[in-house]
Amino acid sequence: MTSTNALRYEVRQIYKNLLYLGREYPLGYDYFRPRCHNAFMSNAGLTDPEKIKEGIKRAEYVKKEIEALYYVKKYRAMNQAYGAATQ
Amino acid sequence: MTALRILVPVKRVIDYAVKPRVNAAQTGVETAGVKMSMNPFDELSIEEAIRLRERHPTTVTDILAFSAGPAKAQDTLRTAMAMGADRALLAETDTELEPLAVAKLLQRVVKDEDRNLVILGKQSIDGDAGQTGQMLAGLLGWGQATQASAVVVGEGGRVTVTREVDGGEEVLELGLPAVVTADLRLNEPRYASLPNIMKAKKKPLVKRAVADFGVEVGARLQTVKVVEPAPRKGGGKVEDVGGLVARLKELGAL
Numbered sequence: 000m001t002s003t004n005a006l007r008y009e010v011r012q013i014y015k016n017l018l019y020l021g022r023e024y025p026l027g028y029d030y031f032r033p034r035c036h037n038a039f040m041s042n043a044g045l046t047d048p049e050k051i052k053e054g055i056k057r058a059e060y061v062k063k064e065i066e067a068l069y070y071v072k073k074y075r076a077m078n079q080a081y082g083a084a085t086q
Numbered sequence: 000m001t002a003l004r005i006l007v008p009v010k011r012v013i014d015y016a017v018k019p020r021v022n023a024a025q026t027g028v029e030t031a032g033v034k035m036s037m038n039p040f041d042e043l044s045i046e047e048a049i050r051l052r053e054r055h056p057t058t059v060t061d062i063l064a065f066s067a068g069p070a071k072a073q074d075t076l077r078t079a080m081a082m083g084a085d086r087a088l089l090a091e092t093d094t095e096l097e098p099l100a101v102a103k104l105l106q107r108v109v110k111d112e113d114r115n116l117v118i119l120g121k122q123s124i125d126g127d128a129g130q131t132g133q134m135l136a137g138l139l140g141w142g143q144a145t146q147a148s149a150v151v152v153g154e155g156g157r158v159t160v161t162r163e164v165d166g167g168e169e170v171l172e173l174g175l176p177a178v179v180t181a182d183l184r185l186n187e188p189r190y191a192s193l194p195n196i197m198k199a200k201k202k203p204l205v206k207r208a209v210a211d212f213g214v215e216v217g218a219r220l221q222t223v224k225v226v227e228p229a230p231r232k233g234g235g236k237v238e239d240v241g242g243l244v245a246r247l248k249e250l251g252a253l
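Chains A and B are the protein sequences, given in the same order. Numbering-wise (numbering that gives the first Met the number 0), the first sequence opens with residue 0 and increments by one. Numbering-wise (numbering that gives the first Met the number 0), the second sequence opens with residue 0 and increments by one.
In short, the hints are calculated from the structure, not lab data. Each hint should be verified, as a subset may be incorrect.
With the Cβ distance kept under 7 angstroms, some of the chain B side facing chain A (calculated, not the full set) [unchecked claim]:
#: 1; residue: Y15
#: 2; residue: A24
#: 3; residue: L183
#: 4; residue: E187
#: 5; residue: Y190
#: 6; residue: L193
Computed list of lysine-lysine pairs in DSBU-like fashion (alpha-carbon distance at most 30 angstroms, straight line) [said to hold, decoys possible]:
#: 7; chain 1: A; residue 1: K62; chain 2: B; residue 2: K110
#: 8; chain 1: B; residue 1: K198; chain 2: A; residue 2: K73
#: 9; chain 1: B; residue 1: K110; chain 2: A; residue 2: K72
#: 10; chain 1: A; residue 1: K56; chain 2: B; residue 2: K18
#: 11; chain 1: B; residue 1: K200; chain 2: B; residue 2: K110
#: 12; chain 1: B; residue 1: K224; chain 2: B; residue 2: K71
#: 13; chain 1: A; residue 1: K62; chain 2: B; residue 2: K200
#: 14; chain 1: A; residue 1: K63; chain 2: B; residue 2: K201
#: 15; chain 1: A; residue 1: K15; chain 2: B; residue 2: K201
#: 16; chain 1: A; residue 1: K73; chain 2: A; residue 2: K50
#: 17; chain 1: A; residue 1: K72; chain 2: B; residue 2: K198
#: 18; chain 1: A; residue 1: K63; chain 2: B; residue 2: K232
#: 19; chain 1: B; residue 1: K224; chain 2: A; residue 2: K63
#: 20; chain 1: A; residue 1: K72; chain 2: A; residue 2: K15
#: 21; chain 1: B; residue 1: K224; chain 2: A; residue 2: K62
#: 22; chain 1: A; residue 1: K73; chain 2: B; residue 2: K110
#: 23; chain 1: B; residue 1: K34; chain 2: A; residue 2: K52
#: 24; chain 1: B; residue 1: K110; chain 2: A; residue 2: K52
#: 25; chain 1: B; residue 1: K71; chain 2: B; residue 2: K198
#: 26; chain 1: A; residue 1: K63; chain 2: B; residue 2: K110
#: 27; chain 1: A; residue 1: K73; chain 2: B; residue 2: K202
#: 28; chain 1: B; residue 1: K110; chain 2: A; residue 2: K15
#: 29; chain 1: A; residue 1: K56; chain 2: A; residue 2: K73
#: 30; chain 1: B; residue 1: K248; chain 2: A; residue 2: K63
#: 31; chain 1: B; residue 1: K71; chain 2: A; residue 2: K72
Just so you know, these numbers come straight off a predicted model, no measurement behind them. All C-beta atoms, glycine included, are put in the ideal place defined by N, C-alpha and C.
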């Protein structure tokens, strides 16, 4: 039981981090939040620690993807405005 | 190797994704209720300072983030500290500062805080002046490398800077102390994550009024009028070659 409790904290942390990231999601927070919530709720019944760890890994991956998405979006906008082609 | 004490100035600007609107009085750009964030070129300079520390953990002893602006610029400084700056200094003012005034403030900070490397963004995306770094180097009498696309600090405090120029790359070598300004392809800034933002709240942030710096920051330029660019007019279609020639003649192009 203790190991799943420790994982519970981890899951909450990654969920919070994702919601924080979602505030700047291009399609809006209202698009992001329900989908993020559903993704977590669909795995709410997991009890096997290994399965939960897998889920956390997947969430970490999504987090990295979103950060990369934001970076590329910003880079493109900046490159369009200030890149070599405009000068 | 000489210890590096880095100063990274940051500016709070209208977010890059927001389309700026001219205010009704035509005196400037509307900032009320508009999303603000850190100038993207300043994110690059913060990231470069952090990467220098990651490459030379013992050499870089301190990274100080500085901003001159309204009290809300604290958020920008917190972001800088969440990314990895050690501490922050805010020069509070409600008036918009010109590049020369900012350079003078920075000169003061460099003296007071004993800095030997300043990494700035090459320009801010609101004013687009692109002058602060150059003016600062001039005021300090230091070497400068602008629009860096790679920065390497070697033995004996030699800084090698690569710049993207027309048709190739230019490599500059300069001694410390130095001023470097960051170009778009210098690095990929990291995202200030929620846990790091929380941790950054415990890092020291000092607030001082601009007047305390004992620097002349009055405006030297007068903004006459700010207007939106004229909207683009659509093109027209012509039926055949004859029509094209006639139209070009009509427009005085032939």
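So, going through the hints one by one against the coordinates:
| no. | hint | result |
| --- | --- | --- |
| 1 | Y15 | holds, 5 angstroms |
| 2 | A24 | violated, 26 angstroms |
| 3 | L183 | holds, 6 angstroms |
| 4 | E187 | holds, 6 angstroms |
| 5 | Y190 | holds, 4 angstroms |
| 6 | L193 | holds, 4 angstroms |
| 7 | K62(A) to K110(B) | violated, 41 angstroms |
| 8 | K198(B) to K73(A) | holds, 25 angstroms |
| 9 | K110(B) to K72(A) | violated, 38 angstroms |
| 10 | K56(A) to K18(B) | violated, 37 angstroms |
| 11 | K200(B) to K110(B) | holds, 27 angstroms |
| 12 | K224(B) to K71(B) | holds, 26 angstroms |
| 13 | K62(A) to K200(B) | holds, 22 angstroms |
| 14 | K63(A) to K201(B) | holds, 25 angstroms |
| 15 | K15(A) to K201(B) | holds, 20 angstroms |
| 16 | K73(A) to K50(A) | violated, 35 angstroms |
| 17 | K72(A) to K198(B) | holds, 27 angstroms |
| 18 | K63(A) to K232(B) | violated, 42 angstroms |
| 19 | K224(B) to K63(A) | violated, 44 angstroms |
| 20 | K72(A) to K15(A) | holds, 23 angstroms |
| 21 | K224(B) to K62(A) | violated, 45 angstroms |
| 22 | K73(A) to K110(B) | violated, 34 angstroms |
| 23 | K34(B) to K52(A) | violated, 37 angstroms |
| 24 | K110(B) to K52(A) | violated, 51 angstroms |
| 25 | K71(B) to K198(B) | holds, 19 angstroms |
| 26 | K63(A) to K110(B) | violated, 40 angstroms |
| 27 | K73(A) to K202(B) | holds, 27 angstroms |
| 28 | K110(B) to K15(A) | violated, 42 angstroms |
| 29 | K56(A) to K73(A) | holds, 26 angstroms |
| 30 | K248(B) to K63(A) | violated, 58 angstroms |
| 31 | K71(B) to K72(A) | holds, 25 angstroms |
Violated hints, in rising order: 2, 7, 9, 10, 16, 18, 19, 21, 22, 23, 24, 26, 28, 30; the structure is consistent with all others.
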